[in-house]
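Participant: If you number the sequence shown the way the working numbering does, the last residue is 916 and the count never jumps.
Some hints here could point you the wrong way.
[As the list claims (entries may be wrong)] No more than 27 Å apart at the CA atoms, straight line, and that leaves these computed lysine-lysine pairs for BS3-like:
id	residue 1	residue 2
1	Lys467	Lys804
2	Lys609	Lys631
3	Lys631	Lys607
4	Lys631	Lys804
5	Lys467	Lys631
6	Lys820	Lys804
7	Lys463	Lys631
[Said to hold, decoys possible] Derived CB-CB ranges, DEER-like:
id	residue 1	residue 2	range
8	Val602	Thr855	48 to 58 Å
9	Val857	Glu605	48 to 58 Å
10	Leu541	Glu605	26 to 36 Å
11	Asp641	Val683	49 to 59 Å
12	Gln635	Thr421	13 to 23 Å
13	Gly546	Pro858	19 to 29 Å
Just so you know, these hints were derived from the structure itself, not from any lab. All residues carry an ideal CB built from backbone N, CA and C; glycine is no exception.
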Amino acid sequence: MSEQFLDRANVVAVFEEMRRWLVPDKRAPAATGAPPSSSSASAHRPGHWAGVDDDRLTYTTPMTPAELLRRVHGCAFDDFLLSPQFSVVARRDPARIDLTSRLTTKLVLKRPIVSANMDTVTRAPMAIVQAEEGGLGIIDRGFRPGEIEGQVREIQIVKRTQHGVVSDPYTIPPDAGLEQAIQLMQRSGVGTLVVVDAARRLLGLLTERDVRFVSGAARVADRMTPAQRLTVHEGTIGIDEAERVMVEHKVKKLPLVESGGRLLGLITARDISKHRRQPFATRDAQGRLRVGAAIGATGDYLERAAELIRAEVDVIVIDIAHGHSVVMASAIEQFRRRFGGFELIAGNVGTAEGARFLVERGVDGVKVGIGPGGGCTTRITTSFGVPQVQALVECRLAIGDRVPIIADGGISRDGALALALLFGGDTAMLGSAFAGTLETPGEIVHKPVVLPEGQRTVRVPFKVLRGMASIGAIKDRLDVEDAAEVDLDAIGAEGLETSVPARGSVRPVIQDMLKHLCSAISYGGAESLADLRRSFWSDPDRYLIRLSAAARRESYDRS
358 MSEQFLDRAN VVAVFEEMRR WLVPDKRAPA ATGAPPSSSS ASAHRPGHWA GVDDDRLTYT
418 TPMTPAELLR RVHGCAFDDF LLSPQFSVVA RRDPARIDLT SRLTTKLVLK RPIVSANMDT
478 VTRAPMAIVQ AEEGGLGIID RGFRPGEIEG QVREIQIVKR TQHGVVSDPY TIPPDAGLEQ
538 AIQLMQRSGV GTLVVVDAAR RLLGLLTERD VRFVSGAARV ADRMTPAQRL TVHEGTIGID
598 EAERVMVEHK VKKLPLVESG GRLLGLITAR DISKHRRQPF ATRDAQGRLR VGAAIGATGD
658 YLERAAELIR AEVDVIVIDI AHGHSVVMAS AIEQFRRRFG GFELIAGNVG TAEGARFLVE
718 RGVDGVKVGI GPGGGCTTRI TTSFGVPQVQ ALVECRLAIG DRVPIIADGG ISRDGALALA
778 LLFGGDTAML GSAFAGTLET PGEIVHKPVV LPEGQRTVRV PFKVLRGMAS IGAIKDRLDV
838 EDAAEVDLDA IGAEGLETSV PARGSVRPVI QDMLKHLCSA ISYGGAESLA DLRRSFWSDP
898 DRYLIRLSAA ARRESYDRS
């Protein structure tokens, strides 16, 4: 694969710019059993041994861009292993190893994991856990019976889940019935309502405890704790000071008001506790969890984006199967014209030309992956696509570090996450890896499964997993967008719909991934994810081991 064939006049310049940007490693291994000492630690870091000459080992020189592209041409994650380096990490602990990565040009994640915008993977419960663990969830756009409000509601649930300050708490008038209050608590998932008058002046608080075992015929005013008996703070307040006030007065809720008593917000002990327990959570400036949402490139996409932005979504993803297209160009142009510089990710693409195409149109993040995901059949049904390692390297060389890349798909094992983040991804998007967990949407169904050797049949719980280009997902989206204008029979599905075993919470799944990523950083001789990336790109040949069929079986086949 030559540079001329790739038509990338800027590849060499970008590659050299990235290499100049690298921070030279000045650490010299000093531990017992370390490699032989040298006047320069870099003498131990250039690359693989190239051979023996007069009893002296020599090293390979760093690859050129064309050599790297040739090395990864036609390759997926399972085609490589990484050569272990001298470890400088004392503890492989995600709380100690910096995994910070850019999601967009402005948004930074402390954990480089994003859950996919699939309607069987990411709704509010998944997005909440992802953000609490330091990543992000992207809410899908396929809501049956087909209203924008469904997607907006999921965003609102995430944004209200935990806050530093609840600037817009759920309120209720004093003359409302308790039955109405109970329904609002159940519908919103909160345990406290702020009682206000028509001018939003604070009158009291109503909690679950106040309505328990009480007749629904009573009024809110009869059961609330009046404002005169509450600890109230006038004006704004920081989290640390709020905690001090709540401890001093032995209260769990601290309403905030203006000088005239008008409600400003609410701080709860529960939210402060979560802040303390989740230091890596992805939060906005107000302390709320961040969340993203997907839109299409046709139909109601601008109206949908407007409603999502009004609901204070943090990032929009224009997500279509082939992002290097005239349809995508028009969608980005219209989005920018209407919403200005709002954070925008677009995809998917799989080539250098596709990545540059999106960057030139002003996106803040590029989603890379044509057909690598377990729920996608694009390569099977069309024979078009790019192996994911090749796609990531091509796109990274094409756009450099100007815009972050989301590596979307192909991560079928935890170790592939490290490869995705080294070959070009700033973050990684996963779907199938989270399928079947408690936080995924959908009902659990029980199917008969025959045990080994046919001894007996048991009923096993399953959940549905489907790609967003599957026929089922397309049908649901058409209810939302262009059902009257589109002939469903004329659409070729490019996704699978299958059942996966139901399992527990996604939280330990994420935590295991992060632990394994930290182990990879240790094996790579780095102290952080950014450090490992710099070492890798300064000399890829030092790390890359292309596997034979036998080596691939030895490495990954554990059946």
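Participant: Look at each hint and say if it fits the structure.
Facilitator: We went through each hint and held it up to the structure:
no.	hint	verdict
1	Lys467 - Lys804	violated (39 Å)
2	Lys609 - Lys631	holds (13 Å)
3	Lys631 - Lys607	holds (18 Å)
4	Lys631 - Lys804	violated (38 Å)
5	Lys467 - Lys631	holds (16 Å)
6	Lys820 - Lys804	holds (10 Å)
7	Lys463 - Lys631	holds (25 Å)
8	Val602 - Thr855: 48 to 58 Å	holds (53 Å)
9	Val857 - Glu605: 48 to 58 Å	holds (50 Å)
10	Leu541 - Glu605: 26 to 36 Å	holds (31 Å)
11	Asp641 - Val683: 49 to 59 Å	violated (34 Å)
12	Gln635 - Thr421: 13 to 23 Å	violated (44 Å)
13	Gly546 - Pro858: 19 to 29 Å	holds (28 Å)
In this structure, the earlier hints numbered 1, 4, 11, 12 are contradicted, and the remaining ones agree with it.
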